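Got chain E sorted already, so can you dock chain S onto it with the hints?
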Amino acid sequence: MAAKEHVPDHEELALMQRTPAVIAPGHTFESVTDSISSIVLTKRTTIGWFFGFALAFMFLMVLNMTIGKLLLEGIGIWGNNIPVGWAFDIINFVWWIGIGHAGTLISAILLLFRQQWRTSINRFAEAMTLFAVACAAMFPLLHTGRPWLAIYWLFPYPNTMGLWPQFRSPLIWDVFAVSTYGTVSALFWFTGLVPDMATLRDRAQSKAARVIFGMLSLGWRGSARHWQRYEMAYLLLAGISTPLVLSVHSVVSFDFAVSVLPGWHATIFPPYFVAGAIYSGFAMVMTLAIPLRKFYGLEDFITMRHIHNMTKVMLATGMIVAYGYANEAFFAWYSSNAYEAYMMLNRMTGPYAVFYWTLIAINAVMIQLFWFRKIRENIPLLFVLSLLVNVGMWLERFIIIVTSLHRDFLPSSWDMYYPTRWDFAMFTGTIGLFFSLFFLFVRFLPAIAIFEMRTIVPEAKLKQHHG
Amino acid sequence: MSHGPAETPTLYGLMAEFDNPTALVEATTRARLDGYRKMDAFTPIPIHELDEALGLRRTRLPRLVLLGGILGGSAGFSLEYWASTIAYPMNIGARPFNSWPQFIPVTFETTVLGAALTCFIGMWALNKLPMPYHPVFNVPAFDRASQDRFFLCIEATDPRFDSHTTRAFLESLHPVGVSDVAP
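Chains as they are written, first to last, in my numbering: chain E, 1 to 467; chain S, 1 to 183.
The shape of chain E in the complex, shown without the other chains (with noise of 0.2 Å):
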């Protein structure tokens, strides 16, 4: 058989140059095996990672001190009291959860459509997802106030009271996606690092990273037959993965969405959720991927391309929250519900009328800047969109769970809700936690799929035979 050449013409020249590659030209197993776990490997650490740890870390004793005082004290440290009586403990938790929904995303749901881009993008988005995931979970846990009884508010165990968590609450639906969600997350991160522990113990010239990266990596020899099982269950574990990544945070939003209130009680709640969750949670990839290509010098892998297709899933993404806000406005006027109707009347000019507008701006004007092309190519720009993003998706948040309360059904008991300092220790402090978690990552793991990135350099390819 002979394969016909297929020489490109100018067009498609053309086309294959506004495409950036998923992969610099010019690498190989070797190139692509050395630069990332170098990374790694390097006795030196620069100086710069020393500072930002040191930064991360420094919040991450905010969050210590502030989970200190609230076992001392109580959640009556926190503003939320009657009639807001949720507001920041459930707000970071929707928030962190919905970033992490990008690295399941990428990870997962990518994969099942063969999208070879997300190769080089997955492993630190993956572990985003765990750390994020851990940075949530905080909220629910600490807000018992007790977190030391919660194993027994939240999980069904038997106890001498012969008391059961109450199935039939979303609270407790939530308990079970977001603790499924974090365990797979956690699975589906370590199968795929198995590999490149294997690789990194091969490279360590170092005792300890041998015995350390040894242990990791469960002896692990590049078999065919283990390659074999280890596909299947890699494609099953994203199979698996994709209807959870779309459970959780439909059910984070029954948490709203089952109840009565005005401006949570509606139908289109569980597809605006995840579609947000998504939104958000490219924009925190982004918001790593930029400074991590930059000091790594990992432009070769994390591509333009890959910061197009970034950027085009947020505007996606984006434009279905924007269609959301859109359709509760529509309800709230055609439902000819009073109580509807004046929700969105005091979201729109009441006292939190100037975060509703700054969500707005941010979440539906902002992003239609991502259809240019010269927008998706100015990365420092890009950077700060994408953190603005992030806080139009808090203030999302914010406003869902704060107007609805604090405009209660008896205008006596109307209050308003203000953050105390300690709200704002302890969600910056997760953000410490998040970032601590994020750089040790970096340091210590590889924040690329190494084999992952192998397969798709050229000489991964088997030649084929004429004749």
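Be aware that one or more of the hints could be misleading.
[Said to hold, decoys possible] Derived DEER-like restraints, expressed as beta-carbon distance ranges: (1) E:463 to S:60: 26 to 36 Å; (2) E:162 to S:37: 58 to 68 Å; (3) S:95 to E:383: 46 to 56 Å; (4) E:183 to S:98: 20 to 30 Å; (5) E:375 to S:87: 53 to 63 Å; (6) E:113 to S:180: 39 to 49 Å; (7) E:82 to S:95: 22 to 32 Å; (8) S:180 to E:151: 50 to 60 Å; (9) E:73 to S:48: 51 to 61 Å.
[Claimed, not checked] Some chain E residues well away from chain S (every beta-carbon gap over 10 Å; in silico): (10) 22; (11) 64; (12) 112; (13) 116; (14) 264; (15) 329; (16) 383; (17) 387; (18) 440.
Derived from the structure by calculation, the hints contain no laboratory data.
Quick caveat, the model's predicted, so the values are computed rather than measured.
We put the CB at the ideal spot given by N, CA and C, even for glycine.
Then chain S, alone, in the frame of chain E:
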């Protein structure tokens, strides 16, 4: 000093090293056509063509995962049913104890958990990992099996194995090198 007939084998097998995946797949196919069965290939990337070259059967992992999912889901639903209708039934406005639609989200999550745990544990168990020691690690060049080299190991327990003819056969496949694998 005389050795008994039950002498322990001094060789686990012979290992050929290749510098590209095409050569390895070709060599594996040739070895299989030559009648070798007890062999394995070691690669830094998954190569689907090797499944056929080595004559691997499809893994039974998917069936195990299906079973794990069914078990997880049944366990979740049974727990909810038992807790809500048998262990602590609560009559709230005469609503049914077994309000099964409300039990679906948790059932779904435990299904996923059961399937994922089975997938994770099952894959490592079928692969017999973790295994800290394996004879192939005795080959000094094997360090590169996790980086950029491709290896084919024919084991001494194969009926057709003979240290001289097998070595000559492997040499004929144009490898980078052939080494003995100490047990």
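For each hint, the structure was consulted:
1. E:463 to S:60: 26 to 36 Å: holds (33 Å)
2. E:162 to S:37: 58 to 68 Å: holds (60 Å)
3. S:95 to E:383: 46 to 56 Å: Between residue 95 of chain S and residue 383 of chain E, where Cβ atoms are some 52 Å apart, the hint holds.
4. E:183 to S:98: 20 to 30 Å: Check passed, 28 Å falls within 20 to 30 Å.
5. E:375 to S:87: 53 to 63 Å: Given a distance of about 58 Å, which is inside 53 to 63 Å, the answer is holds.
6. E:113 to S:180: 39 to 49 Å: holds (46 Å)
7. E:82 to S:95: 22 to 32 Å: With Cβ atoms ~27 Å apart, the hint holds.
8. S:180 to E:151: 50 to 60 Å: Check passed, 56 Å falls within 50 to 60 Å.
9. E:73 to S:48: 51 to 61 Å: holds (60 Å)
10. 22: The claim stands: residue 22 of chain E keeps its Cβ more than 10 Å from every Cβ of chain S (closest is about 16 Å).
11. 64: holds (31 Å)
12. 112: Per Cβ check, residue 112 of chain E is outside 10 Å of chain S; nearest 15 Å; holds.
13. 116: At roughly 14 Å from the nearest Cβ of chain S, residue 116 of chain E sits farther out than 10 Å, so the non-interface label holds.
14. 264: At about 18 Å from chain S, residue 264 of chain E clears the 10 Å cut-off, so the statement holds.
15. 329: Given a closest Cβ separation of 29 Å, the condition holds.
16. 383: holds (33 Å)
17. 387: Fine: 33 Å to the nearest Cβ keeps residue 387 of chain E off the interface.
18. 440: Answer for residue 440 of chain E: holds, closest chain S Cβ roughly 23 Å.
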